[in-house]
Amino acid sequence: MNLVWFHKLGSPKYFYALALRLTPWLGGLSFVLLALGLYWGLVVAPPDYQQGESYRIIFVHVPSAWMSMFTWMFMAFCGLLVLVWRMKVAASLMRAAAPLGASFTFLALVTGSLWGKPMWGAYWVWDARLTSELILLFLYLGFMALQSAIEQREAAGRAGAVLALVGVINIPIIHFSVEWWNTLHQGATITKFDSPSMPVEMLLPLLVSAAGFMAYFATVVLKRARCDILEGQAASGWVREWATPAATDHRNP
Amino acid sequence: MDWQSFLAMGGYAAFVWPSYALVLIVLIANAVIPHRRERALRERIARRTTGNRR
Amino acid sequence: MGLGRAFRAMLGRDIRLAVRQRGELAQPLVFFAAVATLFPLALGPEPELLERIAPGIIWVAALLSALLPMDRMFRPDYEDGTLEQMLLSPHPASVLALAKVVAHWLVTGVPVILLAPLVALFLQLPMQALPALLATLALGTPLLSLIGAIGVALTVGLRSGGPLLALLLLPLYVPVLIFAAGAVDRAAAGLPIAGPIYLLAAMLVLALTLAPMAIAASLRISLS
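Residue numbers (this note's numbering), protein chains in the order written: chain A, 101 to 353; chain B, 61 to 114; chain C, 64 to 287.
Treat the hints as calculated values from the structure; they're not laboratory data.
Hints may be right or wrong, so weigh each one.
[Said to hold, decoys possible] The following residues of chain A were derived to be distant from chain B, with all beta-carbon distances above 10 angstroms: (1) Leu138; (2) Pro147; (3) Ala222; (4) Thr283.
[To be verified] Just so you have them, the derived chain A footprint on chain C, three or more residues with Cβ under 8 angstroms: (5) 221–232; (6) 235–246; (7) 277–285.
[What the hints assert, rightly or not] Partial chain B-side listing against chain A, Cβ under 7 angstroms, derived: (8) Leu67; (9) Met69; (10) Phe75; (11) Ile88.
For glycine and all other residues, C-beta sits at the position ideal for the given N, C-alpha and C.
This is chain A alone, in the form it adopts within the complex (with noise of 0.2 angstroms):
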């Protein structure tokens, strides 16, 4: 199998240049994917039968549910990259995402509060997926806290590596144990969140928030990427020249 492909991406400064052509359209098809989605979801989808206008929240709140998860996993794959290949540019990518998932498990807590309120009457119910998105806030915190504290960037990045595939083996037990938690303690949810089947009208717009939520993650994670790839390479031959654009001229005439 040819593998060319593999280790250029491997290499920061292929890596850098991809990344460079491929934020702007990313950038563009993400912003008119949550457009679309998000208007649709608003304007256009009908309200619900049940829960009337209030169930609109979901369009933004289970996007950043699923997307809090599938960070988790890009991480976890990242470091396998990290750990079996040494790739530094899966540890910028890693490292670039943590933020990102932190900030959708943020959004989705406070979108399923603010979606809680009017269906449980009060903003925090110890929900099941409310409570393993909290656990999963504090691992992204766990992560992020042990990047800063690493100063090495060779060693935090397999260190991070390391964690976030503890924390994949461990996510799902989490998710799991807390599932059977709930039921132990009755009562302490009322409603579940996702109806078990959702109109096509309601679903579409759905699908095309979380495909804008994607592009959005894919966006920034490349631009976050491209920021730790120049701190990590700055004293680098291919930095300096790309940012000394003068100087290349001079010697490609």
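Guided by the hints, dock chains B and C onto chain A, whose structure is given.
Showing chains B and C alone in chain A's frame:
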């Protein structure tokens, strides 16, 4: 469709609009911060590089 | 030297070192009893109330007292260079690390299990829940040590060890706490507890197989 009832969100305005506003604020902030950081980094690197050449 | 003998040698060394410092050995035990005492003082001594919350209190106290001495698992050896020697030895670092975790559990986890019946008595835990409490502690405290060792290995080289370690470990401890305290709670209510006990056992097996590798990898990263 009239604006009044759209903004009222069937009485749930106090929950729907803050949710959307917060999401937009956080998403925009997350996009703007690395944008600024990268620009600052590029300027710093460029300054250092040209400084070295002199 | 065979792998089994190396394991035993490491285990024996760590236990001897721990026993030599008896004062340090007693700290988690006293902490366990003291935390468990705080709850009746804060909430009131009504027997019905204590009976209701005893499983949770005992488990939270056990979890915190496992966290307290966790940092000592690798730090003294890190500071005097023994850890580096261990990684350079011809034996797999994961096996030696497992020996250290077992030793640490024997001197910090087992005493807590032994003291637990007394604390249970103080907190009016129903007698029928005592076997469940001991079973969950026997399965749960080694889990806490194994998961904790990963966190310690990741932070051993850092100055800001303590609070960071707690932040890393507490979310990972959630399933252990839920299943263990839930099982004791169910036992107190006279319900079957096979489910959570099996889950804890499965988690322990999973941790025993995966954690030593993660600990060894983390130690290498911290020492690089």
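Consistency of the hints with the structure:
{"no.": "1", "hint": "Leu138", "verdict": "7 angstroms, violated"}
{"no.": "2", "hint": "Pro147", "verdict": "6 angstroms, violated"}
{"no.": "3", "hint": "Ala222", "verdict": "13 angstroms, holds"}
{"no.": "4", "hint": "Thr283", "verdict": "27 angstroms, holds"}
{"no.": "5", "hint": "221–232", "verdict": "holds (count 5)"}
{"no.": "6", "hint": "235–246", "verdict": "holds (count 6)"}
{"no.": "7", "hint": "277–285", "verdict": "holds (count 5)"}
{"no.": "8", "hint": "Leu67", "verdict": "11 angstroms, violated"}
{"no.": "9", "hint": "Met69", "verdict": "4 angstroms, holds"}
{"no.": "10", "hint": "Phe75", "verdict": "5 angstroms, holds"}
{"no.": "11", "hint": "Ile88", "verdict": "10 angstroms, violated"}
The structure shown violates the earlier hints numbered 1, 2, 8, 11.
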